[in-house]
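Listed below are the residues making up each chain.
2 protein chains.
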Amino acid sequence: KGKFMDTFKVLVDEIEAGDKAAMPPNAVKWVREMVEYNVPGGKLNRGLAVVEGFRQLRRGVLKESELFRACALGWCIEWLQAFFLVADDIMDASITRRGQPCWYKVPKVEMKACNDCILLEAHIYKIIKTHFGSDPFYTELLELFHEVTWQTSSGQLLDLITESEQRDSGGGDLERYTYDVHRSIVVWKTAFYSFYLPVACAMMLAGITDKAAYKRAEDICIKMGEYFQVQDDYLDCYGDPEVIGKIGTDIEDSKCSWLVVTALTRADESQKALLQEHYGKSDPASVAKVKALYVELDVKGAFEAYEKKSYEEITALINAEKVLPHGLFLFLLNKIYKRSK
Amino acid sequence: KGKFMDTFKVLVDEIEAGDKAAMPPNAVKWVREMVEYNVPGGKLNRGLAVVEGFRQLRRGVLKESELFRACALGWCIEWLQAFFLVADDIMDASITRRGQPCWYKVPKVEMKACNDCILLEAHIYKIIKTHFGSDPFYTELLELFHEVTWQTSSGQLLDLITESEQRDSGGGDLERYTYDVHRSIVVWKTAFYSFYLPVACAMMLAGITDKAAYKRAEDICIKMGEYFQVQDDYLDCYGDPEVIGKIGTDIEDSKCSWLVVTALTRADESQKALLQEHYGKSDPASVAKVKALYVELDVKGAFEAYEKKSYEEITALINAEKVLPHGLFLFLLNKIYKRSK
Ligand SMILES: [Mg+2]
Ligand SMILES: [Mg+2]
Ligand SMILES: [Mg+2]
Ligand SMILES: [Mg+2]
Ligand SMILES: [Mg+2]
Ligand SMILES: [Mg+2]
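Sequences listed follow chains A and B, in order. For what it's worth, our numbering labels the leading residue of the first sequence as 55, then goes sequentially. For what it's worth, our numbering labels the leading residue of the second sequence as 55, then goes sequentially.
Same shape as in the complex, but just chain A:
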C-alpha cells in the first residue's frame, strides 16, 4: 500500500510535467491541487483490487516493474472514481466527501469543478498512454474504460431520473421502486466500475485475451456488485454510524433502497399506504414509523436470507470457473462478505 501511494506521486509528477509544457504556473498549480484533493483520499479499494487481482492471477510474487504497472492501472480506476464523485457531488448537492468539503464546495472552485471532472477523466488516458501505450492490450484497455464510463454514467442517469420522477410525483407512487429498477441502477452505476473494472484490468495485465473469460468474470463481478450495494443499503439503516462513518439518510432522501423495495413486496395495502405517507419525509417521527414497519415486515430477516443466498450463488459461480484462479474473485468476496462498514 506504501508502494501504491508512491506510484501516485510518480503519476501526478508526470501529469504535471505535461501541464508545464502547456500551461502557465497558476494552471499547473491548480491541476496538482485539484488532483491531490480529489483522487487519493478514499479507501482505494478499487485501485488496490487491481494489484491484488493481478497477484492472484500470477499466483505469487510480482516483479518490481509489474507491481508498478498494476499500481498505475489501479490509480486509473481511482482517477475514474474521482471524476465520477466530483460530478456526483455537484448533482446531489452534497456538502462533504471523505471528511472534507466536496470539491465544488471549495469557495474558489464552485462550478469550475465541472471542468475539473473533464480534466480528471483526460488524465486517465494520459496515464494509460504513457504506461500501457505499447502493450498489445492497449486498444482493448481504452475500450474497457470507455465502456465502463458509459455504463456508469448510464447508471447515474437512471438513478437521477428515478429519483426526480419520484420527487416530481410528490413522493407518491412508490410502486416504481421494484427489484428490477433497484438492480439496474446498482449494476450500471456501481458494479461495473467497482467490481468488473478492477478484475478486467488485472486480467489484461496478466495477458488474458479470451473474451469468454472476461464475460464470465463480468457475471461474477456484477453479482458481487449487486450484493455489495444491497449491503450498503442495509448498513445505511442498520449499520453502526460510528463504524460506517456517517448517519444514513436513505429513508429521508426517498432512495430506491433494497430495504424499501423489500418492504413494498411484503406490505399489505395499509402498510403500503403507511410507506407512501412517511417514506421520504425528513421528520424523525416519519423515519421512526418507516423503521418500525421494517421491523414488522422483518426486512432484516429478508436481508439475512438474501445475504446467504447471494453468497452461495457467488461462491457457486466462482467454483464453476475452470480457467481463472478462484482467488481473483475470492479475495474480493471475502472483503465484502458480512462487512460492517
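Honestly, the hints are just simulated from the structure, not real lab data. Please read these numbers as outputs of a predicted model, since none were measured by experiment. Do not take every clue at face value.
Copies of one chain are not kept apart here, so a pair can be met inside one copy or by any two copies together.
Stated by the list, open to error - List time: in silico DSSO-like cross-link candidates among lysine-lysine, alpha-carbon distance up to 30 Å:
1. Lys269 / Lys183
2. Lys362 / Lys269
3. Lys335 / Lys159
4. Lys83 / Lys269
5. Lys183 / Lys265
6. Lys83 / Lys97
7. Lys183 / Lys63
8. Lys74 / Lys277
9. Lys74 / Lys265
Fit chain B with the ligands to the known structure of chain A by using the hints.
Just chain B with the ligands now, with coordinates in the frame of chain A:
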C-alpha cells in the same frame, strides 16, 4: 448538408439501440431528447469541415460509403462540442445557447446536465468504435480525441482561472491580460478542437500516417484558430448584432479580449487607469468610456493590421506545404477571412 443530417439520424438510432439493451424506456427517451437538444443545433462548421477536408484530400468526388464515414466522424466533433458547451454553459451561468435555453436551464434537467456531458462524451467513443473500430488508424483516432479533449479542458481551465483571478482582485490589475495569456487561452480552448481536430480527422480518413504531416497541419490550424478567435473578439465589439446574432458583452464581462490586450499595450498611464476603472463594469457609461478609448487608441486599425498580417502568415505557411493539398486549409481560411459573423 442534407446527407450530413441524415447521418445524424443513423447515429442517434444506433446509440438508442445500445441504450435499449441496457436501460428502461424513460432513460432511453431521456438520452435521445438530450442528444437532439444539444448536438445538432449549431452551425455544424466543425463537422462539415471533416467532410470538406476529406473531399479536398481525395481531390474530388467521394463514394457513398466514404461520405458516410466522413459525416460520422464529423458528427463526433459536433458531439465533442456539445459535451463542452453543456459544461461551459453551467460554468459560465449562461442562459441561452443557439436560440434556446441552455440545457442545464431546462427545469427538469438542472445539474443532471453534468452527467449528460459525460454521456455525450461517452457516445463519441461508441460512434468511433462502431464505425472506425476496424480501421488501421483506430487507436490513433482514439488518442487524437483524448488529446484534444485534454487540450480543450486545459484551455477552459486557463480561461476560468484567468477570469476568476481578475474578479477576485476586484477588477484591478488588468496587467495580467497580455497577448501571451490571450494566445494560450485561445489556442488551447478553441483552436485545437475547432481547427486542428477536423483537419486531422480528414487526414486519418484519407489514410495519412506521416506524423510530420500532422504536425505541419497543426501549426497551420493553430494559426487559423488564433486568427478566428481574434475576429470573434473584434466582432463582439464591432460586429453587427443583427448579423452575429447576439449583443457582445466582453467589456462588461471583463473578458481577456484581444481588443483590451491591444488597448493595454498602446495605453499610457492615464489611459490604463481609465481602463482599470471602467473595464468589467456593466453600466453603459463605463462601456462607452472603454469604447471611446478603443477609438482613441485605434484598436480597430490594430485589428486590421493584425488581420492582414495573420492572413499573410497563414497563406505563407500553406504555400510552403509540399505534400498536403492546399485546398485542405484554404477552404477553412476562406470561410473565416474577413467574416462578419
Ligand atoms: Mg452522491
Ligand atoms: Mg448521486
Ligand atoms: Mg448508500
Ligand atoms: Mg461560455
Ligand atoms: Mg466559458
Ligand atoms: Mg466572444
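For each hint, the structure was consulted:
1. Lys269 / Lys183: Classified as both; 25 Å inside a copy, 19 Å across copies.
2. Lys362 / Lys269: This pair counts as within: shortest intra-copy Cα distance 24 Å, inter-copy 60 Å.
3. Lys335 / Lys159: Answer is both; intra-copy 25 Å and inter-copy 27 Å each pass.
4. Lys83 / Lys269: between (42 Å within a copy, 28 Å between copies)
5. Lys183 / Lys265: Both, since 23 Å and 17 Å are each at most 30 Å.
6. Lys83 / Lys97: within (25 Å within a copy, 36 Å between copies)
7. Lys183 / Lys63: Intra 17 Å, inter 33 Å, cutoff 30 Å: intra-copy only.
8. Lys74 / Lys277: This pair counts as between: shortest inter-copy Cα distance 21 Å, intra-copy 44 Å.
9. Lys74 / Lys265: between (40 Å within a copy, 23 Å between copies)
Checked against the numbered hints above, the structure breaks none of them.
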